[in-house]
Amino acid sequence: MRRGSIIQLTAIGLVAGAICTAVALAIPWLPVAGGQEAGRIHFVYWFTTVIAICVFSVVTAVLVYSVWKFRAGPDDDSDGPPTHGHTQLEIVWTAIPAVLVTAISIVSAIVLAQNGHAGTNPLVIKVEARQFAWKFTYPNGTSFGTLTLPQGRHVKLDITADDVIHSFWVPQLSQKQDAVPGQHNFIVITPTHIATYPVVCTELCGLGHALMRSQVDILAPADYEKWVAQGGTASSGPPGLAVFQQNGCAGCHTFKPALATGNVGPNLDNLAQEAKQANRGALDAFIKESIVKPQAYIAPGFTDAMPHTFGTQIPPDKLQQLVQYLAKGA
Amino acid sequence: MTDVAHAHDLHAAPPAPTGWHRLTAAGWLRVLWVTPLFFGIGVALPVLLRWAADWHPLWKGSVILTVELVTTPIGFLAGLGVFDYWAYYASGRPTRPEDHSGHGAHSWRDYFHVNTDHKVIGIQYVVTTFFFFLVSGFFALLFRAELAQPGDQYFNPQTFNVLVSDHAALMIFLFIVPVFAGLGNYVIPLMIGAGDMAFPRLNALSFWLLPIGGAILITGMVMPGGGPSAGWTCYAPLCSHQPLGQVFFNMGVQWAGTSSIMTALNFLVTIITMRAPGMTFWRMPLLVWANFTTSLLVVIATPFIAGSQFFVLFDRVLHTNFFEPGGGGYVLGYQHIFWFYSHPAVYIMILPGFGIISEVIAVMSRKPVFGYRLMALSLMAILVLGFSVWAHHMFVAGMAGWLRVPMMVTSMVIAVPTGVKVFSWLATMWNGRIRFTTPMLFALGFLSMFVIGGLSGIYLASVPIDIHASDTYFIVAHIHYVLFGGSVFTIFAGVYYWFPKMTGRMYNERLGQLHFWLTFIGFNLTFFPMHYIGLQGMPRRVADYAHRFADINLFISIASFGLGASTLVFLYNVINSWAHGPVAEGNPWRALTLEWQVSSPPPIFNFDEIPQVVGHPYEYGVPGAKHAILGAPRPVPVLTDPVGAD
Chain W
16 MRRGSIIQLT AIGLVAGAIC TAVALAIPWL PVAGGQEAGR IHFVYWFTTV
66 IAICVFSVVT AVLVYSVWKF RAGPDDDSDG PPTHGHTQLE IVWTAIPAVL
116 VTAISIVSAI VLAQNGHAGT NPLVIKVEAR QFAWKFTYPN GTSFGTLTLP
166 QGRHVKLDIT ADDVIHSFWV PQLSQKQDAV PGQHNFIVIT PTHIATYPVV
216 CTELCGLGHA LMRSQVDILA PADYEKWVAQ GGTASSGPPG LAVFQQNGCA
266 GCHTFKPALA TGNVGPNLDN LAQEAKQANR GALDAFIKES IVKPQAYIAP
316 GFTDAMPHTF GTQIPPDKLQ QLVQYLAKGA
Chain U
3 MTDVAHAHDL HAAPPAPTGW HRLTAAGWLR VLWVTPLFFG IGVALPVLLR
53 WAADWHPLWK GSVILTVELV TTPIGFLAGL GVFDYWAYYA SGRPTRPEDH
103 SGHGAHSWRD YFHVNTDHKV IGIQYVVTTF FFFLVSGFFA LLFRAELAQP
153 GDQYFNPQTF NVLVSDHAAL MIFLFIVPVF AGLGNYVIPL MIGAGDMAFP
203 RLNALSFWLL PIGGAILITG MVMPGGGPSA GWTCYAPLCS HQPLGQVFFN
253 MGVQWAGTSS IMTALNFLVT IITMRAPGMT FWRMPLLVWA NFTTSLLVVI
303 ATPFIAGSQF FVLFDRVLHT NFFEPGGGGY VLGYQHIFWF YSHPAVYIMI
353 LPGFGIISEV IAVMSRKPVF GYRLMALSLM AILVLGFSVW AHHMFVAGMA
403 GWLRVPMMVT SMVIAVPTGV KVFSWLATMW NGRIRFTTPM LFALGFLSMF
453 VIGGLSGIYL ASVPIDIHAS DTYFIVAHIH YVLFGGSVFT IFAGVYYWFP
503 KMTGRMYNER LGQLHFWLTF IGFNLTFFPM HYIGLQGMPR RVADYAHRFA
553 DINLFISIAS FGLGASTLVF LYNVINSWAH GPVAEGNPWR ALTLEWQVSS
603 PPPIFNFDEI PQVVGHPYEY GVPGAKHAIL GAPRPVPVLT DPVGAD
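Sequences listed follow chains W and U, in order. In our numbering, each number is its position in the first sequence, counted from 1, plus 15. In our numbering, each number is its position in the second sequence, counted from 1, plus 2.
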């Protein structure tokens with residue numbers, strides 16, 4: 016190989032590398048790292064990115080150079096030189112990628128081990144997923160539809176599901192874990208920022224999957240203690256709103272007072288009218304029956320898609336709050 | 003369409019049936035009454051059995067439907083005449099001697115009948131699979147329209163999920179996997195110097211199972227109550243509790259999978275037993291090597307997806323508890339079985355493409371494939387390693403924790419043989435005399451896109467990064483870089499490359515290049531931004547999403563419409579060129595492999611003389627080198643030892 020072509024190749028490779036680096040740095044590819052685990056995952060991401068840019072630049076350099084220099088003219092019927100191979104070269108390009116992927120594997124394995132470490136006194140919170148809501152239960156037995164965490168403490172989430180597979184993910188905390196019925200899975204998160212982030216279900220779980228969202232509020236340790244002492248009253252609305260949110264009604268139904276916009280199931284804004292149409296007793300009775308035994312009356316244009324289990328899941332007092340909230344809102 | 007059958011008149015076709023015999027002779031008239039008959043049997047059988055056993059209700063939808071989806075296709079196949087020869091043989095009636103009267107196609111109508119000629123079957127395969135490519139591509143445009151804005155505009159979540167599920171299922175099971183079987187069907191017997199496939203009747207059966215699989219998947223979409231909507235991965239227990247349309251998915255996959263397995267067996271036997279004299283394993287073109295390894299993968303892995311779909315179906319219909327947590331089932335068992343097929347399936351969908359790229363790059367660069375033996379060996383390495391990486395799809399699934407690091411290491415290691423192939427293609431081009439024809443442009447497009455897809459694969463093989471990126475649009479971006487930028491680009495390269503051989507006519511080069519650039523640009527504009535929204539937090543398979551992703555999703559949707567429109571250029575080019583294109587020479591690319599040494603399209607029995615293979619298939623630039631001699635006197639059959647015979 017001539018010296019001139021080596022210089023040209025190197026130049027193309029450097030330009031390609033510079034463009035890739037600019038793209039990698041100019042665009043905020045990853046969300047803010049809101050936890051220790053996310054910070055480590057971001058490190059693996061950047062470690063891999065450096066290697067990926069190097070590999071991509073080498074391939075691009077050879078590709079661009081070949082396209083540029085080895086183009087056959089329109090009347091050129093000649094063949095190239097009959098090179099069949101080059102054993103040393105083949106060993107090199109087998110060995111170098113092997114070394115690179117080994118390096119990424121080692122870094123990944125170390126980070127994976129660190130991210131599974133919950134310390135000696137983690138805060139254990141039970142996470143229960145169901146179509147299409149999250150339920151977070153604290154050590155003192157109280158449970159909520161949104162997650163509240165103290166900053167700077169290891170939190171161990173004990174994740175399971177009632178019906179089908181869901182997946183718990185907070186993009187800023189990076190950790191993700193499927194919620195599997197009949198099985199308990201664990202992840203550790205250690206929030207570092209005081210902030211509010213979305214909780215997203217990432218495993219297709221049915222019609223309300225796209226709306227199966229919640230949020231995590233990360234409080235300063237003192238504020239968190241205060242929040243626990245107050246019994247965790249986060250939402251200031253009527254008690255029925257909390258029941259509505261905890262049970263994921265918003266995943267399927269539109270209900271303006273709760274800012275719910277789901278359209279899998281019937282709209283709940285005109286319940287009084289619907290109750291008349293259905294002709295199944297008074298408004299309260301109709302709403303209660305529709306929650307506890309949804310198959311009894313199915314609104315025109317819909318199917319028997321609502322779970323039949325809310326009657327056993329929602330305690331009677333809460334059910335009463337929900338019925339009142341829906342009846343009043345309508 | 004050109005006339006493939008020059009030598010046909012040598013073999014007199016049986017006289018056309020007349021009168022009532024037209025209803026009993028194999029063909030579409032018989033389909034019209036045999037299919038309803040078997041449909042009736044499919045209803046009567048479960049109802050009568052339930053009546054006899056006093057099980058109520060007599061009419062149980064899921065049971066009748068499952069039986070129906072077995073009997074009705076069998077009725078269709080029987081009507082068409084796929085089983086005739088075997089039925090005659092089994093019932094002791096005289097079988098019709100194979101006079102090859104069915105070989106070749108005289109008009110477009112012949113492609114709608116059972117035919118045992120691998121060249122006809124190859125074209126049937128490619129055209130059928132491209133039909134499903136267009137249909138499922140159209141589904142993608144529909145749900146991209148929905149995704150152009152957050153909130154619900156055109157489709158409710160049920161319809162959206164059905165479109166997403168069927169887009170993936172049709173693309174995978176009815177396009178990418180079988181289109182390679184179609185191209186291989188046409189090219190491989192020619193490449194190894196054989197007259198046909200080893201089992202021509204099985205070959206015809208394999209093809210006709212395919213439209214059945216596709217018809218079942220599409221029919222399921224319009225079932226009352228909703229079509230299959232659990233994604234193409236169809237995870238239990240979600241899919242066991244979907245409306246009845248899900249049964250269509252479970253059964254449609256079975257028919258397509260059966261087709262796949264039978265074709266793979268046919269390829270294996272053909273490649274092992276029917277190579278021309280002198281064609282040792284180390285003289286086979288790399289496309290043959292690629293289809294050999296792919297067929298091994300198909301034969302070993304595909305029964306696992308059949309199992310996973312049957313178990314899910316049994317959980318629904320027979321009330322078994324394979325994956326039902328309430329009955330002691332193992333929920334993650336489904337994913338283990340499913341991915342034990344579906345990860346090797348990724349290689350089923352890319353290795354034949356690797357073979358096509360090796361052919362195109364060597365011919366268009368006028369140089370031997372660099373490191374031929376290592377290229378073949380790396381295919382075998384991918385085959386073996388491909389079975390040890392399935393659980394990298396389950397890093398966040400909650401499987402046994404210790405399994406994650408070993409599966410990460412094997413997933414990383416599989417990048418090494420893949421890298422060897424990429425570097426060898428680059429070295430093949432180095433110092434070559436490159437011709438930038440449409441197939442070569444698609445090969446170069448494949449190389450650059452597949453490198454990006456391979457590198458994002460490294461990110462996903464790393465467990466910590468996968469934990470962040472799993473089930474987001476980053477996955478959607480990655481899979482399209484390897485399956486569209488990878489497989490589909492190789493398919494286009496192959497279709498353009500063998501178009502003159504298959505149709506006898508040349509495609510329009512200018513339109514071909516336009517198609518490439520529109521596809522290449524549209525593809526990148528559509529899929530590259532998905533990496534970003536995925537990492538930022540947009541999950542996949544959602545009809546609605548957070549408002550901050552609105553602008554970028556609108557951009558992606560507009561780009562995807564452009565990408566869809568680029569296919570129209572391709573369609574116009576192939577249809578118009580097939581009908582009116584300039585007549586192609588036998589060997590327009592001046593290639594050495596055997597399929598180019600015969601006329602375009604090839605004679606009815608491929609080779610008038612058995613070719614004698616005397617050298618390697620890619621000896622470009624070697625003065626006086628020959629891969630094979632045609633027209634040599636028929637050699638006396640002798641047993642040769644193929645190992646190291648070159």
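Some clues are possibly wrong.
Unchecked claim - Cut-off 30 angstroms, straight-line C-alpha distance, at most; resulting in silico cross-link-like pairs (DSS-like, lysine-lysine):
1. W/LYS271 <-> W/LYS291
2. U/LYS62 <-> W/LYS308
3. W/LYS343 <-> W/LYS333
4. U/LYS628 <-> W/LYS84
5. W/LYS333 <-> W/LYS271
6. W/LYS150 <-> W/LYS308
In case anyone wonders, no lab produced these hints; they're calculated from the structure.
Taking the hints in turn, this is what the structure says about them:
1. W/LYS271 <-> W/LYS291: holds (20 angstroms)
2. U/LYS62 <-> W/LYS308: Given that 30 angstroms is the threshold and the Cα spacing comes to 24 angstroms, the pair holds.
3. W/LYS343 <-> W/LYS333: holds (15 angstroms)
4. U/LYS628 <-> W/LYS84: holds (28 angstroms)
5. W/LYS333 <-> W/LYS271: The given pair, whose Cα atoms are some 20 angstroms apart, holds under the 30 angstroms limit.
6. W/LYS150 <-> W/LYS308: holds (22 angstroms)
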